[in-house]
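Participant: Below are the chains, spelled out letter by letter.
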Amino acid sequence: AQSVAQPEDQVNVAEGNPLTVKCTYSVSGNPYLFWYVQYPNRGLQFLLKYITGDNLVKGSYGFEAEFNKSQTSFHLKKPSALVSDSALYFCAVRDQAGTALIFGKGTTLSVSS
Amino acid sequence: DAGVTQSPTHLIKTRGQQVTLRCSPKSGHDTVSWYQQALGQGPQFIFQYYEEEERQRGNFPDRFSGHQFPNYSSELNVNALLLGDSALYLCASSRRGPHEQFFGPGTRLTVL
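So the protein sequences, as listed, match chains A and B.
Sequential numbering of the first sequence, starting at 14, is according to the numbering used here.
Sequential numbering of the second sequence, starting at -5, is according to the numbering used here.
Hints listed in this document are in silico derivations from the structure and should not be mistaken for laboratory results.
Keep in mind that a hint or two might mislead.
What the hints assert, rightly or not - Derived lysine to any residue pairs resembling SDA-like cross-links, with alpha carbons at most 20 Å apart:
no.: 1; chain 1: A; residue 1: Lys118; chain 2: B; residue 2: Gln35
no.: 2; chain 1: A; residue 1: Lys118; chain 2: B; residue 2: His23
no.: 3; chain 1: A; residue 1: Lys62; chain 2: B; residue 2: Glu94
no.: 4; chain 1: A; residue 1: Lys71; chain 2: B; residue 2: His23
no.: 5; chain 1: A; residue 1: Lys118; chain 2: B; residue 2: Phe63
no.: 6; chain 1: A; residue 1: Lys62; chain 2: B; residue 2: Gly91
no.: 7; chain 1: A; residue 1: Lys35; chain 2: B; residue 2: Gly34
no.: 8; chain 1: A; residue 1: Lys62; chain 2: B; residue 2: Ser80
no.: 9; chain 1: A; residue 1: Lys118; chain 2: B; residue 2: Asp79
no.: 10; chain 1: B; residue 1: Lys20; chain 2: A; residue 2: Ser73
no.: 11; chain 1: A; residue 1: Lys118; chain 2: B; residue 2: Arg102
no.: 12; chain 1: A; residue 1: Lys35; chain 2: A; residue 2: Asn54
no.: 13; chain 1: A; residue 1: Lys118; chain 2: B; residue 2: Ala81
no.: 14; chain 1: A; residue 1: Lys118; chain 2: B; residue 2: Arg89
no.: 15; chain 1: A; residue 1: Lys35; chain 2: B; residue 2: Gln35
no.: 16; chain 1: A; residue 1: Lys62; chain 2: B; residue 2: His23
no.: 17; chain 1: A; residue 1: Lys118; chain 2: B; residue 2: Phe96
no.: 18; chain 1: B; residue 1: Lys20; chain 2: A; residue 2: Lys71
no.: 19; chain 1: B; residue 1: Lys20; chain 2: A; residue 2: Gln58
no.: 20; chain 1: A; residue 1: Lys118; chain 2: B; residue 2: Gly34
no.: 21; chain 1: B; residue 1: Lys20; chain 2: A; residue 2: Phe59
no.: 22; chain 1: B; residue 1: Lys20; chain 2: A; residue 2: Lys118
no.: 23; chain 1: A; residue 1: Lys118; chain 2: B; residue 2: Pro99
Could you build the full structure based on these sequences and the hints that come with them?
Facilitator: See the structure below:
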């Protein structure tokens, strides 16, 4: 069965520093991977996806993610964090049976000024 | 272009009651999925509708049912509400295939 793990409940970084939010996955076959962000009392906003192709995927708001097949990871990164990046981040994998998304528990990113 | 819209924003019900939540997909999207997000958890897939039929279902009891209309909008119905049904219910729409899903703001359901 497909699954996603986000090993960190919270990540703290200073504004201007690079950030990484970790995600590992378990799937049979080729993975379809996604990152979403959720602000308080809001729905989820799509950041980026990996379907196939380049291992480095660029997305919205300056975020990017690196797909690593050997380590079954899909870490979210940003070269320079902003205070406004503070939010809850979810990694997801597409269910192989269809198009449902299976989400991780989420990682709270806190960027301090 | 309006994104995914959901109504109502908030809802308070008591145990045993029934509730209907509504969702209008993003323009150009024909597939609607529903998710339940409990406090402090990631969203859990409930079911997905395409061409007015339930195409895929997650691990939720039959108390959870849905419908999709010809204009692609959708309803989620929950019968015999339990305290544990209190959650944020998210609707997501997409085009058919391995495309990203776009989420609405959600409906916050509180069961007392």
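Participant: So which hints don't hold here, by number, going up?
Facilitator: 2, 4, 5, 8, 12, 14, 18 and 22
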